[in-house]
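Going down the list, the sequences are from chains L and G. The numbers in the first sequence follow our numbering, run straight up by one, and end at 223. The numbers in the second sequence follow our numbering, run straight up by one, and end at 223.
You may find that some hints are simply not true.
[Stated by the list, open to error] Here chain G is said to cover these stretches of chain L; the calculated rule only asks that three of the stretch's residues, wherever they fall, bring their Cβ under 8 Å from a Cβ of chain G: (1) 82 to 96; (2) 121 to 134.
[Unchecked claim] Quick list of simulated restraints, FRET-style, between CB atoms: (3) G:E125 - L:D77: 40 to 46 Å; (4) L:R210 - G:E125: 37 to 43 Å; (5) G:M109 - L:A11: 51 to 57 Å; (6) G:G211 - L:K121: 40 to 46 Å; (7) L:R210 - G:A40: 32 to 38 Å; (8) L:D154 - G:T55: 22 to 28 Å; (9) G:M109 - L:V114: 31 to 37 Å; (10) L:Q72 - G:N110: 54 to 60 Å; (11) G:I4 - L:R165: 57 to 63 Å.
It is worth saying that the hints were derived from the structure and are not from the lab. These numbers were taken from a predicted model, which means no experiment stands behind them. Don't be surprised by glycine CBs; every beta carbon is placed ideally from N, CA and C.
There are 2 protein chains.
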Amino acid sequence: MPRIHFQQQLAELKDKLLAMAALAQQALDCAVEAYLQQDAGLCQHVRDLEAAINTTERDVYQMAYDLLAKEQPMAVDLRFILAVIKINSDLERVGDQSVNIAQRAEGLMNLPGVKLPVDVKKMGEWAGRMVRTSIQALLDADVKLAESVLTMDDEMDAMNHTAQRALMQEMQARPEVSDQALNAIIIARNLERTADHATNIAEDVIFWVRGSDVRHQMSLAAD
Amino acid sequence: MPRIHFQQQLAELKDKLLAMAALAQQALDCAVEAYLQQDAGLCQHVRDLEAAINTTERDVYQMAYDLLAKEQPMAVDLRFILAVIKINSDLERVGDQSVNIAQRAEGLMNLPGVKLPVDVKKMGEWAGRMVRTSIQALLDADVKLAESVLTMDDEMDAMNHTAQRALMQEMQARPEVSDQALNAIIIARNLERTADHATNIAEDVIFWVRGSDVRHQMSLAAD
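Isolated chain L (complex conformation) (with noise of 0.2 Å):
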């Protein structure tokens, strides 16, 4: 098979991933967006994303393995494909993390609304963001955006550690606001998680870029 229409293949494979991320990050975006708009309408959205997310991942997963089994790609090509392999998982579990904050915004709409000591709709966007900067740095093969997203990542697992605490405080000082504070607590978990899918998705793109790997020499520690 001419090599051309291999290269061909494979800019197929990075647009059927990047309808994936689209996906993940609409997903995303609309379940923040109805919790904080304790919006029913929306959550069903992000339930309807989450099948067209399931069907996506299957469709990169499909694509991958037949560009595997049917060319040889080799050294650079070959890591780019394992690479979206594994991002085409994160992105998948992003859709999982969106799904239960929706889940936990529908739990919320029989509660009386209250204000809480954590923002998260700055931590919605901030996850957001480091979900595009992991695929933008795909997109560029940049490393240096890549590793930016792991730095992002402290400042998430710092506003995660702040927010549980106040939280966490906020139940003890006032009892009758405790579900919707463990509400709080939960998203605020979710939407650390969802960071950390985008710093995998950095960190396996600074391995295909590289052709090493960086994992496990940053600091990652999670909470």
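Based on the hints, put chain G in the right spot on chain L.
For chain G alone, coordinates are given in the frame of chain L:
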């Protein structure tokens, strides 16, 4: 390259992955024991195990990569190698969860021991059994055994949900133990996340054996 040599390399890859699984399971067992026994030495041992896990993860990936690069595996062999790459990542994350638990155990050592409404020992054993069972399913190419892991995960989610509720109530009833209860909440979630990784492994085994994707067909809703 003769096919018999390729089969031997596949067997070596499987052995290496088994070593990886053994390290991850030991890290998990030690982390839970470190929490239960308040044993600082065991916490350090978990960190040592994690270092070995990270090295072994790179070795497994490199072996899988070399097989893909130098041979041209087809169908079931290709799916097996891709499953190994994904399972390898999940086992590494079992190691991460174990380190998280050990960190929490260390944080507890300065606090008075209290009795809490959570059976960490049982949850830890359950998570460990799920990891073992998923790896056994890989060894035996046993779809039914792998499916049993998916069922076990529902039980794990229920245990975690019950623990979260009870620990929250405990924090409200006894604010003086809230630090210990918060640690227990997070450890219970770490164990539930560990079980999720076992579930991912089981799904990869099923996909490898069946050649079709069972993910998203069964109820795997996280909390």
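Cross-check of the supplied hints:
Restraint check on the segment 82 to 96 of chain L versus chain G: 5 residues with Cβ-Cβ distances below 8 Å, three needed, restraint holds. Taking a C-beta to C-beta cut-off of 8 Å, the segment 121 to 134 of chain L contributes 0 residues in contact with chain G, too few for the three needed, and the coverage statement is violated. At about 44 Å, the beta-carbon gap between G:E125 and L:D77 stays in the expected band of 40 to 46 Å. Taken as a hint, the range 37 to 43 Å holds for the pair L:R210 and G:E125, whose Cβ atoms sit roughly 40 Å apart.
For the pair G:M109 and L:A11, the supplied restraint of 51 to 57 Å holds, since their beta-carbon distance comes to about 54 Å. At about 44 Å, the beta-carbon gap between G:G211 and L:K121 stays in the expected band of 40 to 46 Å. Roughly 37 Å separates the CB atoms of L:R210 and G:A40, a value that falls within the hinted 32 to 38 Å. A C-beta distance of roughly 24 Å is found between L:D154 and G:T55, which places it inside the suggested range of 22 to 28 Å.
Checking the proposed 31 to 37 Å range against G:M109 and L:V114 shows it holds: the Cβ atoms sit about 35 Å from each other. A hinted range of 54 to 60 Å holds for the C-beta pair L:Q72 and G:N110, which are about 57 Å apart. Checked against the hint of 57 to 63 Å, the C-beta distance between G:I4 and L:R165 comes to roughly 59 Å, which is consistent with it.
Going down the numbered hints, you'll see the structure goes against just number 2.
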